[in-house]
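Protein chains in written order, with my numbering: chain A, 796 to 916; chain S, 78 to 232.
Do not take every clue at face value.
Result set (SDA-like, lysine to any residue): computed pairs, CA atoms no more than 25 Å apart in a straight line [stated by the list, open to error]:
hint, chain 1, residue 1, chain 2, residue 2
1, A, K871, S, T185
2, A, K908, A, S828
3, A, K823, S, N123
4, S, K203, A, P840
5, S, K97, S, R129
6, A, K885, S, R129
7, A, K839, S, R128
8, S, K203, S, F96
9, S, K220, S, F209
10, S, K158, S, L227
11, A, K879, S, D102
12, A, K839, A, K908
13, A, K800, A, S828
14, A, K885, S, F103
15, S, K118, A, I878
16, S, K112, S, P156
17, S, K118, A, D815
18, A, K879, S, E119
19, A, K797, S, T124
20, A, K839, S, N123
21, S, K204, A, I912
22, A, K905, A, I816
23, A, K839, S, N228
24, A, K799, A, G847
25, S, K158, S, F96
Source of the hints: derived by calculation from the structure; they are not laboratory data.
Treat the numbers as computed from the prediction; the structure is a model and nothing was measured.
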Amino acid sequence: MKLKKIMEYLNCNCRVLCEDINLDIDIKFAIASDLMSDILATAKPGELLLTGLAHNSVIRTCEITGINAVIFVRNKQPSDDTIKLAQNCKIPVLLTDSTMFEACGILFSKGLKGIHIERAD
Amino acid sequence: MKGQIDKITDSEVLFEQEFKINGGDFINAGESSSKLKNILKEIGINTDIIRRLAIAAYEAEVNVVTYARHGIMRILIYPEKILLTIEDEGPGIGDIDQAMQPGYSTATEEIREMGFGAGMGLPNMKKNADIFNISSIVDKGTKLEITMNLNDKNA
Ligand SMILES: Nc1ncnc2c1ncn2[C@@H]1O[C@H](COP(=O)(O)OP(=O)(O)O)[C@@H](O)[C@H]1O
Ligand SMILES: [Mg+2]
Numbered sequence: 796m797k798l799k800k801i802m803e804y805l806n807c808n809c810r811v812l813c814e815d816i817n818l819d820i821d822i823k824f825a826i827a828s829d830l831m832s833d834i835l836a837t838a839k840p841g842e843l844l845l846t847g848l849a850h851n852s853v854i855r856t857c858e859i860t861g862i863n864a865v866i867f868v869r870n871k872q873p874s875d876d877t878i879k880l881a882q883n884c885k886i887p888v889l890l891t892d893s894t895m896f897e898a899c900g901i902l903f904s905k906g907l908k909g910i911h912i913e914r915a916d
Numbered sequence: 078m079k080g081q082i083d084k085i086t087d088s089e090v091l092f093e094q095e096f097k098i099n100g101g102d103f104i105n106a107g108e109s110s111s112k113l114k115n116i117l118k119e120i121g122i123n124t125d126i127i128r129r130l131a132i133a134a135y136e137a138e139v140n141v142v143t144y145a146r147h148g149i150m151r152i153l154i155y156p157e158k159i160l161l162t163i164e165d166e167g168p169g170i171g172d173i174d175q176a177m178q179p180g181y182s183t184a185t186e187e188i189r190e191m192g193f194g195a196g197m198g199l200p201n202m203k204k205n206a207d208i209f210n211i212s213s214i215v216d217k218g219t220k221l222e223i224t225m226n227l228n229d230k231n232a
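Turn these sequences into a full structure, and let the hints guide you.
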C-alpha cells in the first residue's frame with residue numbers, strides 16, 4: 796500500500812512534517828505500539844509504525860529496524876529535535892487526529908496487514 | 078579474558094572502531110548504534126546480520142544510558158565473525174539470571190517514557206546474537222559480548 800494512499804485513508808488528517816519525502820514508498824505491513832522494545836523485538840523492514848509516543852527514541856527505533864515511515868496518532872506533536880532527527884534519517888513523519896484504534900482499524904479494513912508472530916515455544 | 082581473545086585473533090582484525098556512550102544522555106541514546114549500522118552498511122555486511130546486530134546494539138546502548146555512568150561500544154570485524162562489546166562503568170548487575178528474565182526491570186519513569194523499561198532488552202539481545210555473553214561486577218560495571226558469525230549466513 797502506497798504511503799500516499801495511507802494518508803488519504805486517514806481522512807487527509809495526516810500532515811507531512813518532513814521535507815522532500817517520498818509518498819510513493821510501498822508499505823508492506825504495519826505495527827502499532829508505544830513500546831520501543833516491543834517494536835525492536837518484532838518489527839520487519841519496510842513497515843509502517845503507528846505510535847502515540849513522540850520521542851527521539853521512536854525515530855531511532857525506525858532507523859535501527861528499517862521501518863519506512865511513522866505516523867503519530869492523536870495528533871501528538873514531536874519536538875523540533877525529533878523532526879530534525881527524522882529528516883537526517885530520511886524517515887517520513889506523519890500526523891493524524893485519529894486515535895490508535897481508529898487509525899489501525901481504518902488501515903486494516905483497507906487491506907494493510909500486520910505481522911503474524913509465531914509462538915517461540 | 079578480553080586480552081586473551083584479542084591476542085589470539087589480533088592479526089586478523091579487518092576493522093575496529095569505538096564509540097563512547099554517556100550515562101543519562103537520553104536524547105542522544107541510539108546515536109552510536111546508528112553510526113555502527115551505517116558503517117556496517119558501507120562495508121557491505123549482510124543486511125540480516127546488520128539488522129540483528131543494530132537491534133542488539135541499540136538495546137545495549139539504551140541500557141548503558143539508563144543504568145550506567147558511561148560506556149564504550151567497540152566493534153571488531155574478523156574474516157569469519159563480528160564481535161561487538163559494550164562495556165560500562167556503573168552499578169553492575171548482582172543477579173544476571175534474574176536480569177535476563179523477560180519482564181524483569183528496575184527501569185525508572187524517564188526511560189519508560191522513551192518506550193523502554195519493559196525488561197525485554199537483554200532477552201532480545203540474546204535472541205539476535207549468534208553468541209551472547211554477559212559478565213558483571215557489582216559497583217564496577219557490566220560487559221556484553223555479542224558475536225555474529227559471518228560464514229553461516231553470509232552466503
Ligand atoms: N548496563 C547495565 N548496568 C546495570 N544494570 C543493568 C544494565 N543492563 C541491564 N541492567 C539491569 O537488568 C535489567 C533488565 O534489563 P533489560 O532486559 O534491558 O530490560 P529494561 O532495561 O527494560 O529494564 C534492568 O532493569 C537493570 O536492572
Ligand atoms: Mg534495557
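**Asked** Is the hinted pair K112(S) and P156(S) satisfied, with a Cα-Cα distance of at most 25 Å?
**Response** 21 Å, holds
**Message:** Given the hinted pair K799(A) and G847(A), is their Cα-Cα distance within 25 Å?
**Reply:** Between K799(A) and G847(A) the Cα gap is close to 21 Å, so the pair holds against 25 Å.
**Proposed proximity, F209(S) with K220(S) (alpha carbon, max 25 Å)** = 11 Å, holds
**Prompt:** CA of K839(A) to CA of N123(S), is that 25 Å or under?
**Reply:** 16 Å, holds
**Prompt:** Is it true that the CA of K839(A) sits at most 25 Å from the CA of R128(S)?
**Reply:** Given pair K839(A), R128(S) holds - Cα atoms ~10 Å apart, limit 25 Å.
**Request:** For the pair supplied as a hint, K839(A) and K908(A), confirm whether the alpha-carbon distance does not exceed 25 Å.
**Result:** 12 Å, holds
**Request:** Decide if the proposed pair is consistent with the structure: K905(A) and I816(A), CA atoms, cutoff 25 Å inclusive.
**Result:** At roughly 23 Å apart (the allowed maximum being 25 Å), I816(A) and K905(A) satisfy the hint.
**Prompt:** Can the restraint linking K158(S) and L227(S) be considered satisfied, given a maximum Cα separation of 25 Å?
**Reply:** Since the Cα atoms of K158(S) and L227(S) sit roughly 5 Å apart, the hinted pair holds (cutoff 25 Å).
**25 Å Cα cutoff - pair K158(S), F96(S)** = Since the Cα atoms of K158(S) and F96(S) sit roughly 19 Å apart, the hinted pair holds (cutoff 25 Å).
**Prompt:** Straight-line Cα separation of K879(A) and E119(S) no greater than 25 Å?
**Reply:** Status holds; Cα separation ~23 Å.
**Message:** Between the alpha carbons of K97(S) and R129(S), is the straight-line distance 25 Å or under?
**Reply:** Given that 25 Å is the threshold and the Cα spacing comes to 21 Å, the pair holds.
**Request:** Mind checking the alpha carbons of K118(S) and D815(A) for me, to see if they're no more than 25 Å apart?
**Result:** 23 Å, holds
Checked against the numbered hints listed earlier, the structure breaks none of them; every hint is satisfied.
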